[in-house]
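For reference, the chains in residue letters:
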Amino acid sequence: MSTAFHEDEIIGAAYDARLMRRLMGYVRPYRAAVALAVVLLLLTSAASLVGPYIVRIAIDDHITPGRLEGLGVVILAYLGALTAAFVLRYAQTYMMARVGQHAMYDLRMELLTHLQRLSVGFYTRQPVGRLVTRVTNDIEALNEMITQGVVAIFGDLVTLVGIVAILLYLDWRLALATMLVLPAIILFTARFRAVAREAYRAIRVRLARINAFLNEHIMGMGIVQLFGREAREQARFEELNREHLVAGMASLRSFAVFHPVVGAMSAVAVAIIIAYGGAQALAGTISVGLVVAFVQYAQRFFEPIEDLAEKYNILQAAMASSERLFRLLDEPIEVEDPPAPLRADRVRGEIEFRNVWFAYESVPEHDWVLRDVSFRILPGESVAFVGHTGAGKSSIINLITRFYDPQQGCVLVDGSDVRGWDQRDLRRHIGLVLQDVFLFAGTIEDNIRLGTSSITSEQVRRAAEFVNAARFIERIPGGYQAQVQERGSTLSGGQKQLIAFARAIAHNPEVLLVLDEATSSVDTDTEILIQDALGRVMQNRTSIIIAHRLSTIQHVDRILVIHKGRIAEEGTHRELLSRGGIYTKLYHLQYRDQELRHDT
Amino acid sequence: MSRRLLGYVLGHRRAYLIGFALSLLSTGLSVTNPWVLRLAVDGIRAGAAPRLLVGLAAAYVGIALTGGFIRYHWRMKMLGAGRRIEYEIRNDYFAHLQRLHQAFFQHTRTGDLMARAINDLNTISRLVGVGIMHSFNTIFMFTAAGTLMFTIDPPLALVVMVILPMVSLVFVLLGRRIHRQYEQVQEQFSTLSARAQENFSGIRVVKAFAQESAEIATFGVINREYMERSLRLARTSGALWPAMTLILGGAAAAVLWQGGHAVVAGRITLGQLVQFFGYLMMLSWPMIALGWVATIVQQGLASMRRIETILDSRPAIAEPPESVRPERLRGEIEFRDVSFAYNGVPVLRGINLRIPGGATVAIVGPTGSGKTTLVSLIPRLFDPTGGAVLVDGIDVRRLSLAALRGSIGLVPQESFLFSDTLEGNLAFGVEGGDGSRVREAAETARLAPEVAGFPMGYQTVVGERGVTLSGGQKQRATIARALARDPEILILDDALSSVDTRTEEEILHALRRFMATRTSLIISHRISTVRGADLIVVLGDGRIVEQGTHDVLLASGGLYADLYQKQLLKEALEADEDSSQ
Numbered sequence: 123m124s125t126a127f128h129e130d131e132i133i134g135a136a137y138d139a140r141l142m143r144r145l146m147g148y149v150r151p152y153r154a155a156v157a158l159a160v161v162l163l164l165l166t167s168a169a170s171l172v173g174p175y176i177v178r179i180a181i182d183d184h185i186t187p188g189r190l191e192g193l194g195v196v197i198l199a200y201l202g203a204l205t206a207a208f209v210l211r212y213a214q215t216y217m218m219a220r221v222g223q224h225a226m227y228d229l230r231m232e233l234l235t236h237l238q239r240l241s242v243g244f245y246t247r248q249p250v251g252r253l254v255t256r257v258t259n260d261i262e263a264l265n266e267m268i269t270q271g272v273v274a275i276f277g278d279l280v281t282l283v284g285i286v287a288i289l290l291y292l293d294w295r296l297a298l299a300t301m302l303v304l305p306a307i308i309l310f311t312a313r314f315r316a317v318a319r320e321a322y323r324a325i326r327v328r329l330a331r332i333n334a335f336l337n338e339h340i341m342g343m344g345i346v347q348l349f350g351r352e353a354r355e356q357a358r359f360e361e362l363n364r365e366h367l368v369a370g371m372a373s374l375r376s377f378a379v380f381h382p383v384v385g386a387m388s389a390v391a392v393a394i395i396i397a398y399g400g401a402q403a404l405a406g407t408i409s410v411g412l413v414v415a416f417v418q419y420a421q422r423f424f425e426p427i428e429d430l431a432e433k434y435n436i437l438q439a440a441m442a443s444s445e446r447l448f449r450l451l452d453e454p455i456e457v458e459d460p461p462a463p464l465r466a467d468r469v470r471g472e473i474e475f476r477n478v479w480f481a482y483e484s485v486p487e488h489d490w491v492l493r494d495v496s497f498r499i500l501p502g503e504s505v506a507f508v509g510h511t512g513a514g515k516s517s518i519i520n521l522i523t524r525f526y527d528p529q530q531g532c533v534l535v536d537g538s539d540v541r542g543w544d545q546r547d548l549r550r551h552i553g554l555v556l557q558d559v560f561l562f563a564g565t566i567e568d569n570i571r572l573g574t575s576s577i578t579s580e581q582v583r584r585a586a587e588f589v590n591a592a593r594f595i596e597r598i599p600g601g602y603q604a605q606v607q608e609r610g611s612t613l614s615g616g617q618k619q620l621i622a623f624a625r626a627i628a629h630n631p632e633v634l635l636v637l638d639e640a641t642s643s644v645d646t647d648t649e650i651l652i653q654d655a656l657g658r659v660m661q662n663r664t665s666i667i668i669a670h671r672l673s674t675i676q677h678v679d680r681i682l683v684i685h686k687g688r689i690a691e692e693g694t695h696r697e698l699l700s701r702g703g704i705y706t707k708l709y710h711l712q713y714r715d716q717e718l719r720h721d722t
Numbered sequence: 036m037s038r039r040l041l042g043y044v045l046g047h048r049r050a051y052l053i054g055f056a057l058s059l060l061s062t063g064l065s066v067t068n069p070w071v072l073r074l075a076v077d078g079i080r081a082g083a084a085p086r087l088l089v090g091l092a093a094a095y096v097g098i099a100l101t102g103g104f105i106r107y108h109w110r111m112k113m114l115g116a117g118r119r120i121e122y123e124i125r126n127d128y129f130a131h132l133q134r135l136h137q138a139f140f141q142h143t144r145t146g147d148l149m150a151r152a153i154n155d156l157n158t159i160s161r162l163v164g165v166g167i168m169h170s171f172n173t174i175f176m177f178t179a180a181g182t183l184m185f186t187i188d189p190p191l192a193l194v195v196m197v198i199l200p201m202v203s204l205v206f207v208l209l210g211r212r213i214h215r216q217y218e219q220v221q222e223q224f225s226t227l228s229a230r231a232q233e234n235f236s237g238i239r240v241v242k243a244f245a246q247e248s249a250e251i252a253t254f255g256v257i258n259r260e261y262m263e264r265s266l267r268l269a270r271t272s273g274a275l276w277p278a279m280t281l282i283l284g285g286a287a288a289a290v291l292w293q294g295g296h297a298v299v300a301g302r303i304t305l306g307q308l309v310q311f312f313g314y315l316m317m318l319s320w321p322m323i324a325l326g327w328v329a330t331i332v333q334q335g336l337a338s339m340r341r342i343e344t345i346l347d348s349r350p351a352i353a354e355p356p357e358s359v360r361p362e363r364l365r366g367e368i369e370f371r372d373v374s375f376a377y378n379g380v381p382v383l384r385g386i387n388l389r390i391p392g393g394a395t396v397a398i399v400g401p402t403g404s405g406k407t408t409l410v411s412l413i414p415r416l417f418d419p420t421g422g423a424v425l426v427d428g429i430d431v432r433r434l435s436l437a438a439l440r441g442s443i444g445l446v447p448q449e450s451f452l453f454s455d456t457l458e459g460n461l462a463f464g465v466e467g468g469d470g471s472r473v474r475e476a477a478e479t480a481r482l483a484p485e486v487a488g489f490p491m492g493y494q495t496v497v498g499e500r501g502v503t504l505s506g507g508q509k510q511r512a513t514i515a516r517a518l519a520r521d522p523e524i525l526i527l528d529d530a531l532s533s534v535d536t537r538t539e540e541e542i543l544h545a546l547r548r549f550m551a552t553r554t555s556l557i558i559s560h561r562i563s564t565v566r567g568a569d570l571i572v573v574l575g576d577g578r579i580v581e582q583g584t585h586d587v588l589l590a591s592g593g594l595y596a597d598l599y600q601k602q603l604l605k606e607a608l609e610a611d612e613d614s615s616q
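Protein sequences, first through last, are from chains A and B.
Counting along the first sequence from 1, when you hit position 44 you're at 166 in my numbering, and nothing is skipped either side.
Counting along the second sequence from 1, when you hit position 314 you're at 349 in my numbering, and nothing is skipped either side.
Read the hints as simulated data drawn from the structure, not as lab findings.
Be aware that a few hints might be false.
Chain B is faced by these chain A residues, among others (derived, beta-carbon under 7 Å) [to be verified]: (1) R211; (2) F349; (3) V392; (4) F560.
Covered stretches of chain A, going by a simulated chain B footprint (3 or more residues, C-beta under 8 Å) [claimed, not checked]: (5) 176–190; (6) 213–219.
Where a beta carbon is used, it is the ideal one built from N, C-alpha and C, also for glycine.
Between the sequences and the hints, there should be enough to build the whole structure, so can you do that?
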């Protein structure tokens, strides 16, 4: 059975120079801290290696000759070294944590800032969950690399070199004899690393299969039960589960072999010291204390080697994460501001489409949503766009707000191409009310004001009153300060629409764009409130409504009928009805019921 | 420990018992190594023959090798048992999920169910593996080394025995603080993720209201708080390992001081002092492990409780105790005063309907009128809250589930296919067989011509892992899947909505022969689909508002007639669109 993997499952090389260089760029601002950490690390290693050496002095200079005076000083020195090691190691760990956290903070901000500049089109292509993973877990993997990877590897190497140096200094012949086992250990560890990595990968892959199977079968459980497949699906699940068990056992075995073998090799080193070092001691060429110190050093020798093998996984995961992160950071910005963008304090609100051709697809030939659309809306005019589902109405809104750019033709606001404007300045003049109202976590007031701190609480209240939202908001416990629960699930669809109107009005735009949906879930009272609010917010500003409400289209200055990407008819409600064309059919299909509903 | 978990553990009692025995053996062997060192040191001091040292060196290696061999088997036994228990619980968990009813899955988030099967089982595996292994090993090690130390020199042993448990104590105390701060970091991490998610989901609003800078600022505040909490955690957790080293080093210093005096006073030999050092080193890891194991046990038990909430939930729809298993159902269906409420909201009320065997019945009505619920009651995806559904005059709650569902072919509204080959998907409800029935069903559902165009034919893998089928292809595959079962009752729940009108015509034509001998229920919005039915039932707000044949309903000028009018308009509009191209 073939299984395709999620992008996040792919694990590649543990070291990639290009990625590493770019990653190090995030550490560079903190190079002083890193340098300090490295110094601390060297000192820590030194301080933590004095133990066996002290033991040697204690034995040879004091215990063996039976001279107890001075032993206290030696032990105090040892305690001093221990305390120093404690402080130094702690300081070094914390330093690196600081560097890691700051680098992570910077990278996260850079990523989010970049994401804010990417176009709406980008977001429709990317699953939100994947983007969230980039901002959260992938960056976390880098932190692990900084705090536990690079520096710790360096630390292990320093300790290793330190032990070798001390042993050589104490007695180079015994040192070389002891280190006879070293090549075997290094080779074995390298081999183990490869096996363990493979085993780890196998577990991940099989767990991913279990995951996929479960996901699918929980969602399709009804089908499984209807078709009486429980027994066979159970068998398939157990098979996947068994494969996972087998992989787990293989990984278990590699570890169960590794630790005892390293232990045995370390025992060989100790045995060499006993036999060879002991013989030397008997001959009187070296002291007993030296033999004991050698044994203690030899026992510590293997910790850093074992450690190094485990750091490999961290590096590998970090490389894969950074690859994904950088790909996202390199994502080109599709809708960009010109070098000298246009800004304006106020706009008159004249909107024009000039021979606009537009498609969401990159290969538009087959899928034009708008075909050669031209129209002009005067300042202060209210216009409704109507059309059958999929006729291209909502793309009009997407083009005016410059969520997308047209392939041909141009969109103009106050006679200037929107591509010449500063995007954010342009959007400041446009109020947008979308079909599915998006509410953020926070209070109702926060949701009306959004992040525009210049809007006062008073203005928020006035906006809410203006659109008939104040009454229901004040009835909610907490009023404007009430927290919006789970994207507004406690609010009705109609209430959310009113909040969206208040949001648009509080920002006082010159142009208003409304995707207006007459949802069946809205009760009659709220429906009347919405209609009334809609009428009011359209006053004194250019308004473009993608209309689903009969009352709306009856009251606008002009109706444009979009049909298969073109403007097919134009006029007032009465004019269009009397013409008996597409609008008449649409009216009977979509709007007549609303009339009937209100008559009753 | 939970009773259920204990049951799983006891199922592997042999492995655990052998593991304990091996653990004892390995402990016994490891405590002899420092003893060998002692003999060597004392031998050197006494000026023994070099041959003795070679012998001791050989013994040292021999003990390590034997110990290693035992440790290998010990780990495999105990940790292996842990993995096997994980495997068993996961199987039982899935088996239980398969017994649970539809409503359960609508109430429970898929992600939660999956987290239990993956993350929680992982923690449980650690509890019954590493957790059990290390707790016993620590006890054995502590007892053995402790006893030996006391036989050498009780005062020195006392010093070690007082200092060492401090390692566990510090681990637990610091560990508790670390845990709390870690929770705070995790909490902020969730806030950060939630904020990012909100920003991405609401990007249109963010852009439309030019809120990018405000969003970046808000995110910055959350991000900074996350950093600060992480650093607070680092300040605590950074102390853990250095503190361990400090305590262990302190113990070594104390041994050196006290032991030095004891050696000079002649109470113990230098070799015995070295032996002491050996035990000190040997005990450090178990002491640390003890603190670590406490966390593992805590987390493992919490995970087991989460799994048990699922394992303890009872299937609301299960095989009746004395089920009726008819040879073959005729397919006569009756709804007798059926009502159904979902979460207290009435969906169906007072439905009375009799469908003779072999009849074709169409069900129409606006969205939310209860059509899907009505047909879901027949294969018992739900049970009615009032009244009864009968097939062949028997209440479905008395029929054997396998027999009932085995005679029904249902095509659901949402075409759900599994990531498998087309063949595997189409034969989903067929036991054995040579595949000819599957081919025939694919033929009837008008899927066969397209399958012939796929390079891999019926072996084409569909879904996430393979080719993406169009909505229409998926629907036809689900129809073929239902037909391949050769059911007595065929239920199509809006199953032709994604195929174009001409293909729909063809499918309906091919189906007619199939439906002639079977009871069929068809839910549809298209008049063209339902007009030929023996009976058309119009649902409105959970009740039957009209029923009759196409002509009768048209003449009566009710809801159905209105639907018909709209359909004509829509077709006219679509025709306009075609002509405008």
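Checklist entry - Out of the numbered hints, which ones does the structure contradict? => result none
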